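Student: Chains as they are written, first to last, in our numbering: chain A, 89 to 209; chain B, 5 to 991.
Think of the hints as simulated: they come from the structure by calculation, not from any bench.
There is no bait here: all hints are sound.
Listed below are several chain A residues computed to face chain B (Cβ distance under 8 angstroms; list not exhaustive):
(1) Thr-172
(2) Arg-206
(3) Leu-207
Note that the coordinates shown come from a computational prediction; the quantities given were computed from them, not determined experimentally.
Heads up, the beta-carbon is just placed ideally off N, CA and C, and yes, glycines get one too.
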Amino acid sequence: MARKALIVDDSVCMRRMVSDTVEQMGFTTLQAGNGQQALEVLADQPIDLVITDLNMPEMDGLQLIRCLREQSTYQYIPILMLTTESQDAVKQRGRAAGATGWIVKPFNPERLQQLIARLVR
Amino acid sequence: MQLDLNRYREAFFEEAADHLSELEAGLLRLEETGQDSELLNSIFRAAHSIKGGASTLGLEDIANFTHALEGLLDQLRTGVQPVTPGRIDLLLRARDILAGLLAAARVQGAPPPATGSVLDQLRKARVDEAPAVGPSNPNLCVYTLLFAPNAEVFAHGFEPMLLLRELAHVGEILESVAETCHLPDLNELVGDRCYLAWSILLRTDRPIAALEDIFVFVRDDCRLLIQPLSFAPPEPSCSVSEVRRRFGAYLIQRGLITADELTDVLQQQDRYRPHLEQLAIREGMLTVRQICDILDAMAGSGAPFRTVATRLGYLNHKQLALLIQLQTKQTPPLGELLVAAGKLSRAQMERELAIFHGDPVPEISEPEPAAQPEAESASACQVFQCENPELLGEFCTEAEEHLEAVDRQLLILENDPTNKEALNAVYRAFHTIKGVSSMFDLTDMRTLAHEAENLLNQARDGVVLLRDRAMDAAFASADLLKRQVGHLRDWLAKPGALPSDPDLPQLLNELRIVASPPAPDGSKPASPIPAADESKPASPIPPAADESKPASPTPPAADESKPTSPTLPAEEEQSEGKARKAATPTTATGDREIVRVDRSRLDKLINTIGELVIAQSMVQQEFDEQLNGHFHSRALPELNKIARDLQELSLSLRMVPLQGTFQKAARVVRDLSRKIGKPIHFELQGEDTELDKTVVDQLGDPLIHMVRNAVDHGIEPPQVRLQAGKPAQGRITLRAYHQGGNVYIELEDDGKGLDRQAIVNKAIERGLISDGSKLSDGEVFNLIFEPGFSTAKVVTEVSGRGVGMDVVRRNVEALQGNILIRSQLGKGTTFTIRLPLTLAIMDGLSVGLGDEVYILPLLSVVESFRPRRSELHRVAGRGEVVIVRGEVVPIVRLSRVLGRPARVEDPCAGLLVLVENQGKKHALLVDELLGQLQVVMKSLDVNYRKVEGISGATILGDGRVAMVLDVYGLTRLAEGCRGGALVGSLT
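Only chain A is shown next, with the shape it has when bound in the complex (with noise of 0.2 angstroms):
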């Protein structure tokens, strides 16, 4: 059974560029362009990883995070950040809202299959 990634991100070209590189790792993708978006298009199914921006409208990537976190059915699943930002300050905040990891924009994505790799089964 093919593994089931969710890329949240506000702009759809990224979003195809990592759901591309990761539907070649053999996972089937769900989009969505915000937090609300994502929590909805999600609608409780289970899912094996999550990979989101910070920086979107209506709810961010923090709070997506946090939110996601407390459901039990994602409590568990490895969430990547998607940032610009490399800095501490943005990877403390994201592990304080439970995230797993990161990668920076722009991403190589060789790379961000390898860190996937030691995410999900």
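Following the hints, put chain B in place on chain A, whose structure we already have.
Tutor: Same frame as chain A, now just chain B:
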């Protein structure tokens, strides 16, 4: 000999074509079934065979290319790499290139342009295989890893096992011990806490940085120590080991071994000696965390293990003594190692050992631990390549939308500079453009977007007020970005160099100036509005510190990569397989034995047999005429039967299964459905159905076109399907079967079906039908075959231009077949093509005109009748017509069109044969109906020349020649000569 080589070449190309077909079929099947070792093996063998042949014939380029292809296949079949859709994509592309290379080699043409790039990709796709274990690899090093995750590590989404698994991939795990001492009783176990820790010995050629990278995210949630493993020297206080070494010195003195040999063996012994830390974990005396502490302290103080362990209170002396004892016991003795290395015989060793136990020996210096290999520099940064102009186009559209939004919001801000929502919106727009443009390595755009974003950020934070100069700068940024997007669009239309904007540096500078809050000394030209806080430093650090130096990208974290200029290659042309020249059919099952036959010989054979059949029927006729039923031959019926059998057999020689065409269609569906993002299940039935080779060749293009249509327009996008209650995955079935002496090919989809109303509207618009005319569903659907007809709202590059379906129908009818459409709105569409089994033999209707006999293809004939006077009319501009069941059908006088005399002028005394072609009906006026017969068609083009209206000729049983009429040509002639002009005479 030159001749021999050429013959082998041809055979090789034939065989290679078969292997290529196998390759493709296998890869497509592999995509469905996933990992299948038998399939992989057969695919590998196919590639391997091609390589062998090519290399034998000196086709070096082909051999090289195939070698790379084979290499990747090998890694897949041995499990070094998994089978992924990306790999299958690459392999299919490589197969296509290989087909192109072979075709080019055959005709001494040019190889496909994408060859080099695909070859590169094949090579890069190979993973480095696990490093050879052994002293030959100098970079191999053994590391000790201690990994103790915190209890709450799961709550961050980590799965420690995955990290350990990755370790196993980057090297060889020599030993792995799990610390279980923290595991509580089962009834106290809390499921989401991590209780385990690990101590691992890993042999790898990767540098420490790569190992540490594996744990990059989890570092803060665990205790982690990665160190190169030094060989465990013997504990100095251990008396047993001293004895051993003195024994070694003794042996040197005895001249039995050299000092070098002793050093080697002692080093070996160190390698095999277990470390105290490992033993401590195994014995449960220490936890991983404690060991981490000890090792840290050892690194800091340089003190040995036992000192630190006891000093930190983790071990008492008794435990330590036990550990050391264990260590000694588990270390192979010197003597054994010498014997194993062949330096001493066992007998000798035992003897010497016995003698030794009485002699004191001087100390020898300890060998130094092996020098640690230098850590390799971190793996080279990877290059991001944009392969996808389509994606770039999307980005342009998206960017343009963002920039439009920026304009709107900036106008709002002109009147209300502190409007939070507008500021946020503009900020986000620049931010997004920055992010995505960086993925395409558009450094100019990214830099500009970054500075603009920064300005907006300052405005958001209230550090700067977005007015006057700042506002101008914001507008200017949006404008420049728009220009840059325009350049991109130009580039997409005509690739070349991307021009840079001369205004950019100045704008960047301006942005930087306006983004910094005014300093108290007024170094920035004063803006009338005071900035927020004058006590702030003159140049604030923007949040993304590392990105404010666009000229020299610094990689702060291991995750950031260094992009270089992209190569944006033109889209590869997907070469549609050309019709194969092989004379023999390829088998689906591979069970049949194949014999290769020269094509022209085969044609000649079939021809001669055809003539034999004709001659035989002539004999029968003469016989009947002469003997008038008075004598019944026994031999003639026998001859008849044999002739008919021969005829059938010879025709079957030219029969080819549809498999090749179907496979092409499968490939098209797959590529197209992936390209436009519609998941489709494509099913083939009846691939073994056979047709005359020329029919199959001619059917290829029309079928592919129809399949393309089905994917592009028939099947709805997945979201639409879901909303309609259909499964997201579309279903297309292509099936072929024999029935009633014909072959049927059906293309069925479960898509949105044909919209009758839309077709009617379009037809009315184009003046094809009049508003209010009543047409059956079938007639409406047939309208899509009109040239230039397309109800597609969007003409994609794939289809929708409306040039396809009319050609499809014409091709089908040229093959003396017809095509039928059934469709239900919202449910799907089915196209059914009916074809005669062979072209050579045709069912015909013979009609008489004057003294001559003409044959009409039975498939085109609807009916024949003698009209009543009341049904005949003359219509201005259309000539004579007859009303058939309410339908107005033009009459074509065959005698006039062909320029031959007829016996009957009055339609009511003659016969009207209603024929249908391309949806249009005509009534042909002939003298009489002679009968139905099977006709062996002889080509006119080959023997005489192409004549419009005639598709061939045949020899009747009485030896006369009858022309076989082509209805399409006839009707065109008829329309051309309505005034009565005559066609050139036929003799």
